[in-house]
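Keeping the supplied structure of chain A fixed, place chain B upon it in accordance with the hints.
Chains as they are written, first to last, in my numbering: chain A, 1 to 544; chain B, 1 to 236.
Beta-carbon label-pair distances, calculated as ranges:
| hint | chain 1 | residue 1 | chain 2 | residue 2 | range |
| --- | --- | --- | --- | --- | --- |
| 1 | B | S235 | A | V188 | 55 to 61 Å |
| 2 | A | L37 | B | E118 | 54 to 60 Å |
| 3 | B | S235 | A | R115 | 54 to 60 Å |
| 4 | A | L528 | B | S235 | 51 to 57 Å |
| 5 | A | K408 | B | E219 | 37 to 43 Å |
| 6 | B | D201 | A | K98 | 34 to 40 Å |
| 7 | B | E118 | A | S311 | 21 to 27 Å |
| 8 | B | E219 | A | V188 | 56 to 62 Å |
| 9 | A | K408 | B | S58 | 23 to 29 Å |
| 10 | B | A165 | A | R12 | 29 to 35 Å |
| 11 | A | H306 | B | S235 | 48 to 54 Å |
Result set (DSS-like, lysine-lysine): computed pairs, CA atoms no more than 27 Å apart in a straight line:
| hint | chain 1 | residue 1 | chain 2 | residue 2 |
| --- | --- | --- | --- | --- |
| 12 | B | K230 | B | K19 |
| 13 | B | K216 | B | K17 |
| 14 | A | K309 | B | K114 |
| 15 | B | K211 | B | K17 |
| 16 | B | K109 | B | K133 |
| 17 | A | K406 | B | K71 |
| 18 | B | K133 | A | K309 |
| 19 | B | K133 | A | K180 |
| 20 | A | K13 | A | K98 |
| 21 | A | K408 | B | K114 |
| 22 | A | K309 | A | K406 |
| 23 | B | K111 | A | K309 |
| 24 | B | K154 | A | K408 |
| 25 | B | K59 | B | K19 |
| 26 | B | K154 | B | K114 |
| 27 | A | K120 | A | K5 |
| 28 | A | K408 | B | K111 |
| 29 | A | K406 | B | K109 |
| 30 | B | K109 | A | K309 |
| 31 | B | K71 | A | K408 |
| 32 | B | K133 | A | K98 |
| 33 | A | K406 | B | K59 |
| 34 | B | K154 | A | K406 |
| 35 | A | K309 | B | K127 |
| 36 | A | K59 | A | K155 |
| 37 | A | K408 | B | K109 |
| 38 | B | K19 | B | K211 |
| 39 | A | K309 | B | K154 |
| 40 | B | K59 | B | K211 |
Simulated from the structure, these hints should not be mistaken for lab results. Every residue gets a Cβ at the ideal spot worked out from N, C-alpha and C, and that includes glycine.
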Amino acid sequence: MSIFKVLSDTDRKAFKAWFATQTLSKILVFFGFIAVLLGLSLFLFYSSGWIFTSLYHLKNFGQLTANYIMRAAILFIVILGIGSSTATCANLFFAGNKNYFYLLTLPLDPRILVRWIVAKTIVVNTIMLTIFLLPLGLTYGSIFGQGLTGFLVIKLGLVILSLAVLTNSGGGMAAVFIAKRIKRHKSVMTILGVIVFMAILVATFRLVFPGNLTRLTQIDSRQFFPIYNNLPLNNRFIPTNWLADMLTTTSATNVVLSLVFTAGLFLVYLRMMAGNFYPILLSISAKAAAPQATLSGTIQTNTAFHFEKYSAADALALKDLAAIIRAPGESGYGIFLILLIGFFFYLFSRVSIQAETTREWTNWLVVFAYAGFGFFANTYLLRMVFPLTAKESTGAWYIFSLPISKNKLLGSKMLLAYLVSLPLLLMALLIWWLPPFLNPYQNLLAIGSFITTGMLVAMHTLMGAISPNFADGDSPERVSTSSMGMAALVVTTAFELLSAYGIYSYINHSWSFERVLIMPAAAGGCILLTLVLIFRQTLGKYQF
Amino acid sequence: MNRVVIEADNLSRNFDKIKAVDGVHLTVNAGDIYALIGPNGAGKTTFIKILTGLLAPSKGIAWICGQDIAKNPLEAKRHFGYVSDNPVVYDYLTGYEFLNLTGAIRGMKEKEIKRRIEELVQIFPLKEVMLQKMGSYSRGNRQKTAFLASMISKPELLIIDEPIAGLDPTSITIFGQTLARYARDGGTVFLATHILSFGQDFATRVGAMNKGRLVKETEVTGENLNEIYKETVNSK
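Next comes chain A alone, as it looks inside the complex (with noise of 0.2 Å):
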């Protein structure tokens, strides 16, 4: 038997394993995340289709406009991609694997275990990025090409599966050069790495949308070649754009250039992964292992939580902030979706800049970005609260047999939940001065955000206590993504839907502003009452 079908067979019992359990809610989740998927495809078909039609009509403008566009897309799947690899290789040497450590142990060339990864990888990046630049390749092909034909669909495969290598060779690139210099310091350089994407892409969005793009539209044709020529993103040595000429041009020169330096950096990654991987592996495992010795040669105390000062609800709840702050994955994760929330408003407070926009249009941009910041905060909370109780994971033997109740361990959650969620708390009272054409309702969004997103707090933490999944507990995301994790997700949603119901009332003068404070509050209530009432009645059932 050829070891990649020993690797395959052993990856395919490892993912029928993790079915076998709690398997309902994972096949619910599953194609609820194909279903999301397919949505998002039919999205971007339908909606390119419609904007590449409109710009059909502009002639040559028109169709150097829609280059724009996919040049401007491919850039940014590029951007995410490499940011999302780097996380996902990063993630494998920081998190050590112990069958890749057992492997080691088998006479086994490493470098074929690495191709198994990489290729792994790339066939997941090559079905990801399959669903979001197959309709708009379609829908540019067939508008301003030759029409839906074999030709179009084997340059977009090419262009595809050239964009998956590329992705994760950058980002595997990227994490081995991290990996190598940092073993030690993961949470201040996740949090710093968080920092230096989100940069990226605001850097990337400002080459796309530069100052001088909104004069393309108050210009002649004679000015408008000088001006379109020069915008920053359609510099000819962008290799990005090399990929997205393969679409937009019947240029040779352009497939060539893209799949030489593709393959280029490629061929450097497999080498660097085959050199490094294992030599990080265990470079990184030694390091966690030893003690740490400072400059002066004396041992690092590491105590910075001195949880002797503190009562024993407090002193839970620093622990569980302990497990968060020296977990880079956590806080970076953490971190990342605060910054997402500040890029979406970004987004938002230019877009509404540029839009002359009527009354009715802008009533629908305000309940938009409630929603929004709705699901974002949902999204934080799911990941970053709902998990706090299932966290115990196999230690929780030790709290329970502790004389401690059940009432106070809920008590600590439930401060610990709220001092995670402060910085969404503080968003969700001051970014509404962020887009200024909010201005009307801003006091409105505020409090009504304020108040929505703590009491998803208190949902969140509570759901989370009822049925905790300890035997997940060192993974968050199985825990937010099991049967209670989706129940929770339905009964958060269904509340912030009723407050941006109570937003659109308002807006639509249908309900006053006591109505729209009071209705969602007193429903939120009720929920609370119920869960809590639950949590009572499920108090005394947990085993171990």
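Relative to the frame of chain A, chain B by itself:
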């Protein structure tokens, strides 16, 4: 008459059709080091989990220092310290932080916690190890740290599941001597072990379990535990 610290009355626990613990009656007095022995799957860990309130019994009652563990869990838990057979706790905390946390949860004052930790870290040569995060600990060091945490509030009773798994011979001796000293000072120890020699050297009483039932109970007075174990395994 000795004070009763643990009393189990017809304690049973079923998992579907399997009787993991089947009608166990057992009494442990103050000052005893009681070793529960038996083969894998005998029901020792399940029995201990019921005693510590981590599992609810299907039938029967367990009292810890006179408190029904099912009805008054908080009161009962104030009287004992517990070490699980899988002493994995918080990988992201250092050993010192873990001891501080345990002291705080047990309601001890800051000064008392510090003084007690100073005493406890003298037991094993762990001072430098305790400065590291527990994620980097060996199985033996985890076991020792969890043991120290269970002793922090000077409980009347220690319940330890597989106390010496992963310990080196020197640590086993220190561990046994610490338990003996603790029992001499009026403490009580209830432990489950596979290592018969440890029970032989340090236990004062032994109970042998098989297939969920307590097959035999005896004082350890020179009687060979190997014989008792063989009898237990062969019991129907």
